[in-house]
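A.B. asks: These protein sequences, in sequence, are chains A and B. The first sequence begins at 1 in this note's numbering and counts up by one. The second sequence begins at 433 in this note's numbering and counts up by one.
By construction, these hints were calculated from the structure, which means they are not laboratory data. Note that the Cβ used here is the ideal one computed from N, Cα and C, for glycine as well. Treat the hints loosely; a few may be bogus.
[Unchecked claim] To give a feel for the contact side, a few chain A residues facing chain B, derived at Cβ under 10 angstroms: (1) N34; (2) S37; (3) Q58; (4) F112; (5) P119; (6) G120; (7) G174; (8) I280; (9) C373; (10) Y411; (11) A416; (12) N418.
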Amino acid sequence: MASDDHHIPNGSTTTPPDIQFEFAHHDPAIARINNGSFGSCPSSVISAQQDWQLKWLQQPDDFYFNTLKPSILKARLIIRDLINADHVEEISIVDNATTAAAIVLQHVTWSFLSSQFQPGDAAIILHYAYGAVKKSLQAYVARAGGQIIEVKLPFPVNSDEEIIQEFRKALELGRMNGRKIRLALIDHITSMPSVVIPVKELVKMCREEDVDQIFVDGAHSIGCVDIDVKDIGADYYTSNLHKWFFCPPAVAFLYCKKSDILNQLHHPVVSHEYGNGLAIESSWIGTRDYSAQLVVPEVMDFVNRFDGGIDGIKKRNHEKVVEMAIMLAKAWGTHLGVPPHMCSSMAMVGLPACLGIFSHSDGLKLRAYLRDCFKVEVPIYHREPEKGEDSPITGYARISHQVYNTVEDYYKFRDAVNKLVNDGVTCAFLSD
Amino acid sequence: MNLYLLLLLVSFVSCHQHNQKLEPLAQGTPKRRRWVVEKREKKKKKKKKKKKKREQMEDPQANGDHNHNHIPKKLKLSSPSSFISDSEIRQEFAHHQLGIARINNGSFGSCPASIIAAQKQWQLRFLQQPDDFFFNHLQNGILRSRTLITSLINADHVDEVSIVDNATTAAAIVLQHVGWAFAEGRFQKGDAVVMLHCAFQAVKKSIEAYVTRAGGSVIVVQLPFPVHSDQEIIAEFRKGLAMGKAHGRKVRLAIIDHITSMPCVVIPVRELVQICREEGVEQVFVDAAHAIGSVHVDVKEIGADFYVSNLHKWFFCPPSVAFLYCRKSPIALDLHHPVVSHEYGNGLAIESAWIGTRDYSSQLVVPDVLDFVNRFEGGIAGIRKRNHDAVVRMGELLARAWGTHLGSPPEMCPSMAMVGLPSSLRISSDDDALKLRTHLRDHFEVEVPIYYQALKDGEIGGDNWDGRVAGYARISHQVYNTVDDYLKLRDAINQLVKDGVTCNNLP
Numbered sequence: 001m002a003s004d005d006h007h008i009p010n011g012s013t014t015t016p017p018d019i020q021f022e023f024a025h026h027d028p029a030i031a032r033i034n035n036g037s038f039g040s041c042p043s044s045v046i047s048a049q050q051d052w053q054l055k056w057l058q059q060p061d062d063f064y065f066n067t068l069k070p071s072i073l074k075a076r077l078i079i080r081d082l083i084n085a086d087h088v089e090e091i092s093i094v095d096n097a098t099t100a101a102a103i104v105l106q107h108v109t110w111s112f113l114s115s116q117f118q119p120g121d122a123a124i125i126l127h128y129a130y131g132a133v134k135k136s137l138q139a140y141v142a143r144a145g146g147q148i149i150e151v152k153l154p155f156p157v158n159s160d161e162e163i164i165q166e167f168r169k170a171l172e173l174g175r176m177n178g179r180k181i182r183l184a185l186i187d188h189i190t191s192m193p194s195v196v197i198p199v200k201e202l203v204k205m206c207r208e209e210d211v212d213q214i215f216v217d218g219a220h221s222i223g224c225v226d227i228d229v230k231d232i233g234a235d236y237y238t239s240n241l242h243k244w245f246f247c248p249p250a251v252a253f254l255y256c257k258k259s260d261i262l263n264q265l266h267h268p269v270v271s272h273e274y275g276n277g278l279a280i281e282s283s284w285i286g287t288r289d290y291s292a293q294l295v296v297p298e299v300m301d302f303v304n305r306f307d308g309g310i311d312g313i314k315k316r317n318h319e320k321v322v323e324m325a326i327m328l329a330k331a332w333g334t335h336l337g338v339p340p341h342m343c344s345s346m347a348m349v350g351l352p353a354c355l356g357i358f359s360h361s362d363g364l365k366l367r368a369y370l371r372d373c374f375k376v377e378v379p380i381y382h383r384e385p386e387k388g389e390d391s392p393i394t395g396y397a398r399i400s401h402q403v404y405n406t407v408e409d410y411y412k413f414r415d416a417v418n419k420l421v422n423d424g425v426t427c428a429f430l431s432d
Numbered sequence: 433m434n435l436y437l438l439l440l441l442v443s444f445v446s447c448h449q450h451n452q453k454l455e456p457l458a459q460g461t462p463k464r465r466r467w468v469v470e471k472r473e474k475k476k477k478k479k480k481k482k483k484k485k486r487e488q489m490e491d492p493q494a495n496g497d498h499n500h501n502h503i504p505k506k507l508k509l510s511s512p513s514s515f516i517s518d519s520e521i522r523q524e525f526a527h528h529q530l531g532i533a534r535i536n537n538g539s540f541g542s543c544p545a546s547i548i549a550a551q552k553q554w555q556l557r558f559l560q561q562p563d564d565f566f567f568n569h570l571q572n573g574i575l576r577s578r579t580l581i582t583s584l585i586n587a588d589h590v591d592e593v594s595i596v597d598n599a600t601t602a603a604a605i606v607l608q609h610v611g612w613a614f615a616e617g618r619f620q621k622g623d624a625v626v627m628l629h630c631a632f633q634a635v636k637k638s639i640e641a642y643v644t645r646a647g648g649s650v651i652v653v654q655l656p657f658p659v660h661s662d663q664e665i666i667a668e669f670r671k672g673l674a675m676g677k678a679h680g681r682k683v684r685l686a687i688i689d690h691i692t693s694m695p696c697v698v699i700p701v702r703e704l705v706q707i708c709r710e711e712g713v714e715q716v717f718v719d720a721a722h723a724i725g726s727v728h729v730d731v732k733e734i735g736a737d738f739y740v741s742n743l744h745k746w747f748f749c750p751p752s753v754a755f756l757y758c759r760k761s762p763i764a765l766d767l768h769h770p771v772v773s774h775e776y777g778n779g780l781a782i783e784s785a786w787i788g789t790r791d792y793s794s795q796l797v798v799p800d801v802l803d804f805v806n807r808f809e810g811g812i813a814g815i816r817k818r819n820h821d822a823v824v825r826m827g828e829l830l831a832r833a834w835g836t837h838l839g840s841p842p843e844m845c846p847s848m849a850m851v852g853l854p855s856s857l858r859i860s861s862d863d864d865a866l867k868l869r870t871h872l873r874d875h876f877e878v879e880v881p882i883y884y885q886a887l888k889d890g891e892i893g894g895d896n897w898d899g900r901v902a903g904y905a906r907i908s909h910q911v912y913n914t915v916d917d918y919l920k921l922r923d924a925i926n927q928l929v930k931d932g933v934t935c936n937n938l939p
């Protein structure tokens, strides 16, 4: 950490003086440059969460009858304003984007089973859609008779246009022979590789091409990129608050634009509130610890201690991660996988080809090796080279920047990779 | 029985050793003698304390029933000093709100401070380095818990045991599977699912969401309450099931509570499962939300296909964690967690062990909970027995004080009992019951759920409240309860009766 706690190297006064205390529980030995996977939570929010947990343990009946529901409503109201939704009924709080996907996709199942959709009707997703979401599509759409169309996107990618073109092509293909596209599932920020997708344009295209419903999986978005759900125009939008919005694990919102269909959505864990609307159903799915959902007000207090609040944090994270990515690419003689404007608070940095990352499992091995031997935590992405590519870069590190990161974290990573290269280490030599 | 003999032997040996120590030792240092005397004094104090507690469980205001010898002599042996003491128990539950007579362990359970501390450790480990936790520790931790549960419930194989949030989630898993069976043509429209009339409300909704919606029909079996014997339940169930099967309807699934929630009764599940098999019911799902830590659970003996119980109710886990036992079968392979993630298709237990980023810490403290219960005499079996004995005793105390009765005989009470409320309170609806519960909480600092008993067919209601018990309090007893909790409830109700309060004129 820079010696003057008030300043980060580029000179802006942006960091509260107690930032080290807030993240003192992070393992100090690790260069933790993977905020994207599991997020992070400051001590003041953990402490607030523990207060809520204690309240429950003290007198659970009283908490259940008098405190829980109004507190969840308070969180939903804050989220509504954060994302520019119209009505609080449009905001449900669930565990995570995985749960949100199950909710939307289970509804698709019922549509097939009740013959509203016909066998062969399609759902269109990005090839880079999150693995868990793809499984959910298998479980709920394919199993019910739906077809899944995957849109292959280029990577490395150089502009929004490339993405828009591929998506348009896939939509046209999808609609061939009069096939109906019932659902488009579009990532706002893909996970691996991490790219900011031009969702507004893609949603517009879907509307023009008569796609029934659009679900934006914005798992990474809140606290990372701007979200205006009305502007984006999708029917459903989900994002995890525990990734980039400083909440404890786990809490996400699912926005569902007001419509007739909204009444037909259900939480798959059915409890007393079944039939009272998704938001109310989701606020009680049996006895559980709901405390992660209740600390949203305390998180607002936390982010507002930063210059520019959450917007300031987003901006500085983005600038920093791009700066660090460029530094790493220079040091290794590689490149960024996406241009800066398509990076969020994460960036894809090419790894030296000599490391020999030739498969997904190579990526996992290298990640484990970096963790165990160099104390660097960073996920590695493997990319299949195109035919005829000359000495292709097949491995990319997805680096994150969050408020607790320092430039030393990235130097540590730089030096680790340089050492591996110097020692002639390849993934083939790493143990499983 | 073996445990008793062992205790007897241990006590004899330690007594014997103790007596030996009174002889001058080879060293004979004053320090040693002092230690020996102190130890003997400590033991005397402990004996006195135990006797006092037993006496406290009797109500001095009861009608001359001062039976100080109601605890059999054999249990008067002094316990080894390693058992948890009363003051340690108080410490473990010191976070419970002071001043509240908390006699509703059944609804939301309870968790001792040492388990909360253990849970916090797990939470911290995730926050410290979540990637490492995810890749290297989480799955092992969950497997360890599953393995312990497997032996607790006498399942054959750890593959049969999945950990989920709660019984509500388990119901969704089993019922979603039924939904698919209808959708995919394995079940025909109109095929039936059987449930008890008093099944938990959330489960009823789940049946609506997954069975009725998919084209299945529902057979509701009425059980009697108040109830007097297992035989009554067995007879009613047999009747209800036979009626439901009329016209050759196929019964695909029976959902049977092990301990019903409201009103609370221990159901003879083994016999009911047997009847189901005889009547050709395809699958049986036992909803035993309250069971573990409350009654003896042996899933092989009970013989159901699916069995779920919450560990956060009576088994001291933090909210929330439950196990879903699925007897090994081809059908078990087709069960899925509704929140689909990376592990989809790898078996329910593995699917349930990762349903996206969440706090799994409550699932990881099962080993710590076993340590906790084993600090009690007789472990969890001892706790169950003492809870049961105490809640029956308290139930009878209250029934005597109010001139009412228990809703079921002692042998059909677990660690909860249904105690009739005075008719003068005129509890006429579920709303009335809730109002009374709120009033007791807000004005008397007593937390106890109230059950409204609707009139049976043919019963004359109207304004005839003479002696009619239309409401029951479901009292619980857990290790942190004291007799004062129940005296507080007794006095609160007596006060309401004295003041002529009826549910009508409650706010």
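A.B. asks: So, against the hints stated earlier in the document, which numbers end up violated here?
C.D. replies: Of the numbered hints given earlier, those the structure breaks are 5, 6, 7, 8, 9, 10, 11, 12, listed in rising order.
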